[in-house]
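Asker: Here the structure of chain F is known, so what remains is to put chain E in place on it, guided by the hints.
Note that the protein sequences, when read in sequence, are chains F and E. Under numbering that gives the first Met the number 0, the first residue of the first sequence is numbered 0, with each subsequent residue one higher. Under numbering that gives the first Met the number 0, the first residue of the second sequence is numbered 0, with each subsequent residue one higher.
Note that these hints are calculated values from the structure, not bench results. Check each hint, because a few of them may be wrong.
Copies of the same chain look alike in the list, so a pair counts if it fits in one copy or across any two.
Simulated crosslink set (EDC-like; lysine to aspartate or glutamate; CA at most 20 Å straight-line) [said to hold, decoys possible]: (1) Lys306 - Glu110; (2) Lys306 - Glu111; (3) Lys278 - Asp288; (4) Lys101 - Asp207; (5) Lys306 - Glu164; (6) Lys58 - Asp68; (7) Lys306 - Glu277; (8) Lys306 - Glu162; (9) Lys101 - Glu174; (10) Lys101 - Asp65; (11) Lys119 - Glu171.
Next come the chains, spelled out residue by residue.
Protein chains: 2
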Amino acid sequence: MRFSPGGANPDVLISECGPRDGLQILAQIMPTDAKKRWLVALHAAGLREIEVCSFVPAKLMPQMADAADVVAFARTLPGLTVLALVPNLRGAEAAIAAGAHKLTIPVSGSEEHSLANVRKTRAEMVAEVRRIVEYRNVSAPHVAVEANVSVAFGCTIAGPVPEDEVVRLCAELVEAGVDDSGLSDTTGMANPGQVRRLFGRVIREIGDRTGAAHMHNTRGLGLANNLAAYDAGVRIFDSSLGGLGGCPHAPGASGNVVTEDLVFMFEAMGVRTGIDLEKLVAARRPMRDGLPGVDVHGMIAEAGLPKGFNAATGRASP
Amino acid sequence: MRFSPGGANPDVLISECGPRDGLQILAQIMPTDAKKRWLVALHAAGLREIEVCSFVPAKLMPQMADAADVVAFARTLPGLTVLALVPNLRGAEAAIAAGAHKLTIPVSGSEEHSLANVRKTRAEMVAEVRRIVEYRNVSAPHVAVEANVSVAFGCTIAGPVPEDEVVRLCAELVEAGVDDSGLSDTTGMANPGQVRRLFGRVIREIGDRTGAAHMHNTRGLGLANNLAAYDAGVRIFDSSLGGLGGCPHAPGASGNVVTEDLVFMFEAMGVRTGIDLEKLVAARRPMRDGLPGVDVHGMIAEAGLPKGFNAATGRASP
Numbered sequence: 000m001r002f003s004p005g006g007a008n009p010d011v012l013i014s015e016c017g018p019r020d021g022l023q024i025l026a027q028i029m030p031t032d033a034k035k036r037w038l039v040a041l042h043a044a045g046l047r048e049i050e051v052c053s054f055v056p057a058k059l060m061p062q063m064a065d066a067a068d069v070v071a072f073a074r075t076l077p078g079l080t081v082l083a084l085v086p087n088l089r090g091a092e093a094a095i096a097a098g099a100h101k102l103t104i105p106v107s108g109s110e111e112h113s114l115a116n117v118r119k120t121r122a123e124m125v126a127e128v129r130r131i132v133e134y135r136n137v138s139a140p141h142v143a144v145e146a147n148v149s150v151a152f153g154c155t156i157a158g159p160v161p162e163d164e165v166v167r168l169c170a171e172l173v174e175a176g177v178d179d180s181g182l183s184d185t186t187g188m189a190n191p192g193q194v195r196r197l198f199g200r201v202i203r204e205i206g207d208r209t210g211a212a213h214m215h216n217t218r219g220l221g222l223a224n225n226l227a228a229y230d231a232g233v234r235i236f237d238s239s240l241g242g243l244g245g246c247p248h249a250p251g252a253s254g255n256v257v258t259e260d261l262v263f264m265f266e267a268m269g270v271r272t273g274i275d276l277e278k279l280v281a282a283r284r285p286m287r288d289g290l291p292g293v294d295v296h297g298m299i300a301e302a303g304l305p306k307g308f309n310a311a312t313g314r315a316s317p
Numbered sequence: 000m001r002f003s004p005g006g007a008n009p010d011v012l013i014s015e016c017g018p019r020d021g022l023q024i025l026a027q028i029m030p031t032d033a034k035k036r037w038l039v040a041l042h043a044a045g046l047r048e049i050e051v052c053s054f055v056p057a058k059l060m061p062q063m064a065d066a067a068d069v070v071a072f073a074r075t076l077p078g079l080t081v082l083a084l085v086p087n088l089r090g091a092e093a094a095i096a097a098g099a100h101k102l103t104i105p106v107s108g109s110e111e112h113s114l115a116n117v118r119k120t121r122a123e124m125v126a127e128v129r130r131i132v133e134y135r136n137v138s139a140p141h142v143a144v145e146a147n148v149s150v151a152f153g154c155t156i157a158g159p160v161p162e163d164e165v166v167r168l169c170a171e172l173v174e175a176g177v178d179d180s181g182l183s184d185t186t187g188m189a190n191p192g193q194v195r196r197l198f199g200r201v202i203r204e205i206g207d208r209t210g211a212a213h214m215h216n217t218r219g220l221g222l223a224n225n226l227a228a229y230d231a232g233v234r235i236f237d238s239s240l241g242g243l244g245g246c247p248h249a250p251g252a253s254g255n256v257v258t259e260d261l262v263f264m265f266e267a268m269g270v271r272t273g274i275d276l277e278k279l280v281a282a283r284r285p286m287r288d289g290l291p292g293v294d295v296h297g298m299i300a301e302a303g304l305p306k307g308f309n310a311a312t313g314r315a316s317p
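Excised from the complex, chain F in its bound form:
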């Protein structure tokens, strides 16, 4: 984990992925100005890493056509790590040219998903990651590169994904030179026992190169899985404001873990996130304004903070 928890830093890093993972699945396109207002609100709530866009052909994903503009704006927010998804070297070149501080590359945990998704085998994707790292090393050594294993806990095409293969893939990605590698439950198939076991193995294999837990709430286990990942030693968590990014396979079900609820869980446990929950809930407003009629999820925004919960310290008094 390149993030160093504790001390002046919060105990965990919450990496907001809504502006990328949430928006890319919607038919609706959020206007660039609305994205900027939303980013300002997320940053004001204390988020210090935001996945703001992906660099993919605008023809394939018109929601991300303004990626370079969004990155340039996000760079003006003090202390923010501007994260961009890139599926390949061409995307990485564009992201680095735009000024992204960090790149994230998804690499499928199953061969079937990899072929279906990017028409490359996993080995070919590892080679692509290596090319991205080499390009970064030469052209922009200050830019961080992470590569997370998607469908790490189960695949809608292949079904169960062998844990040995996931662990080996993380090791190969680190060997290819990424700064960190995490695990994504892209399909919402993970359970807490599996999360503890698999992240435990990854941490034993790649140590402090272990990156984020990216959990989905498709089957309701998102927060329990994040708790399990925290228990295993993970300190970086991806989530999306309002759970934006409903899973297309589960109508009515939130896809991504809801940032507000995740932050509430950690803060209530005394695990510092550095995030102001009230401002975070307030950041739902510019998101909704930019996406009229969108489905927004999350419990804490509905129920409010518990009586006696100290919003300043993020903890219940005694």
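Answerer: Using the frame of chain F, we list chain E on its own:
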């Protein structure tokens, strides 16, 4: 814990509380025949303990006016422990007369909640529990009695509830003769750290008299809190089909933990519940039929089981 996990028994006991906890909060009254059809479906799914009703004056709670009839019917379902809530000795007498196998008595963890809810101090409630136990000992020694501490993790009136007082209350209830005593997060204020710590203390204090974790999902932490309780050693879990029993303070928020999602979490982890998930999801039908237009929650019923999940063993293949 009077429930003995493992061996021929499942690893955990899921105690379905929807027919009591879920129904009592609704303005709508489920017809007795519909309740019976629902109980049949719950039993067919493998549930072996169901809180079928409460024995309270029908004037105060018309939803439970048919309590004796429901208990008599539930007794015909083989292997089922028929659980009834009783707030006082009068209720206990009626429940025992009707043939309930087990009584559950809620005792408030905070003085303020106790006075507001039953107009008795906590000490007076402990005395009432003692009278119920004495009555049971004489008139129906085969009937089990549990007393769970409500608002154990926080109170909407008092705010934080001192953990020492909760642990002491459990000890007093065991001293008063109950078979087991658990903790209820009535207000949905618990967090996983607190759950592990407080249940850990209760288990150290009263050992195998530790009863159920009764968690609410008001702020989205229901399953994470159940995971934490399981980690602490709890083996009995209350939940409600479809999360029936929305919290009146949190519109749109599910109150009780959703039985289907809880069972999915445990089965996916390899923790045996003895429950058939497909039949459990099917039991939502008679519930909806008996409560037209009711809000039903739950993720697994929407998303379906993951590919490769073995419904017979309740586990993903490898």
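Asker: Going through the numbered hints above, which ones does this structure break? Give me the numbers in ascending order.
Answerer: Going through the list in order, the structure violates no hint and respects every one.
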